[in-house]
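Colleague: Those letters in the sequence shown? Residues 1 to 469, per the UniProt record's numbering, in order.
If you're looking for bench data, these hints aren't it; they were derived computationally from the structure.
Please note: incorrect hints may appear among the correct ones.
What the hints assert, rightly or not - Within a straight-line C-alpha distance of at most 25 angstroms, the following computed DSS-like cross-link-like pairs (lysine-lysine) qualify:
(1) 112 with 102
(2) 71 with 114
(3) 242 with 230
(4) 435 with 361
(5) 114 with 86
(6) 305 with 112
(7) 305 with 414
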Amino acid sequence: MLLQMIIDVPTVGGRLMLVDMAGFENIEQAGQTGMEAKMQTAKINKGNSALKRVLESIANGDSHVPFQDSKLTMLLQDSFEDDKSKVLMILCASPDPKKLHKTISTLEYGRKSKCIVHGPHTPLKEKDLPLPPAVRPRRAANAYSGDTRSTTSSCHSSSPLPAPRRHSLSLHHHLSLYFPLSGDEPARQRRSRHSTFQSWFLSELVIALVSPSRSLQECSSMVIQLSEEKTQAEAEIEMLKKNMSSEMTNKENLGKQCAKVAEEAVSGWEKAESEAVTLKNHLESITLLKLTAEDRASHLDGALKECMRQIDQVKTLVEQVSGLEDEVKDLNEKLAAAQSEMTNKENLGWEKAAKQFDKMKHEFEAKLANLDQQLLRSVAENSALSRSLPERSSMEIQLSEEKAQAEAEIEMLKKNMSIRSAEVANKQHLEGVKKIAKLEVERRRLRGLVWKKLLGPTAWAQMKLDLTT
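Construct the complete structure from the given sequences, taking the supplied hints into account.
Modeller: See the structure below:
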């Protein structure tokens, strides 16, 4: 029971939570690709945003704090809600002027976390309970060793009273314990208590003398450290002011450049609109020219078709002339046969032969008249074609220059073909005319012979005179 009471000493516990947080990730700056990197970056940014909302809610004193938004805030919920806890945040900023907005947001983040302040808390070192008489001498004997071991920790403990005042109170307490007012106590026990008290008193005196000097040294070191931190903070503030001023000048220059670029963009837009209007008008004129060219091409196509039709007609006329030549040949053969018959039958049936010859003569003259009319008609058509061909060829050449070189070559080939066919037709026509003239001379000669034999020389001379007149 005694051992259990000695060991049953109150202890003070605590908990330290260290959170290593990542900054806001940017995939483009980090150069990461892939779905896994995107998911990890989204989780990191979600946790940072949730912690920022929690700090803002606690700093503003809101009734509802969104701890349930992420796992990080759920783990830190006890530390934020406990009045005995203390929050310390270490921030990491960059002196690069290009990252000034990130530095400002980081400092704002720390300022909000600094607004979280809990009330002071004094942990109990001992329970304020009366000790039993049997335990008092053993607790007094262990006081020196326990106090010497806890000297360093007691200097840093959070107590509302200074160290000398605390030792004086504990001295009063121990005097009342070891020297009661009753005088019934034996002398040996009093001497033992006296020696125990002396040892305890000396230890307390040493602690009371040493602790102020240590606290003064610590305070001086803290003052030096705080002064160094102050100078460093002032230097950082100056640097930030310089960076801020340079950033403001850069921002003003950037604003001027943006205004200049905007003016240039507006002027370029107006110029582009005017050019677009001119191009639109030019396009409309080109479309009109195209339509007119298409109309001219359609008219020329019709004219070309008409020329081809007339060429076909000329070809048919040439074929007809060739047919007439065949008929003339047949007539020559018939005339030769008639001459042979007339020579064989000079003395028999002259009247009948003369009638047949006159009939054949009339038929031949009618055919000659038809041939003359057709020849005149073909000559007129050929002359009209020869007059219209140069104009049409010039129009076709102009159109071919607008369209393509190939069409010009085709038109030239057609023109050459028409000229050659006309030449062939003229040549065949001249040959037919020559043959007809020869047949006419032969016919007249035959008729003269017939009349000489039938009528005699005097009648023949009279008939020739009548014919000439």
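Colleague: None of the hints should be skipped; say for each whether it holds.
Modeller: Evaluated hints:
1. 112 with 102: Satisfied, since the Cα-Cα distance of roughly 15 angstroms is no more than 25 angstroms.
2. 71 with 114: 22 angstroms, holds
3. 242 with 230: 18 angstroms, holds
4. 435 with 361: 16 angstroms, holds
5. 114 with 86: Given that 25 angstroms is the threshold and the Cα spacing comes to 10 angstroms, the pair holds.
6. 305 with 112: 94 angstroms, violated
7. 305 with 414: 12 angstroms, holds
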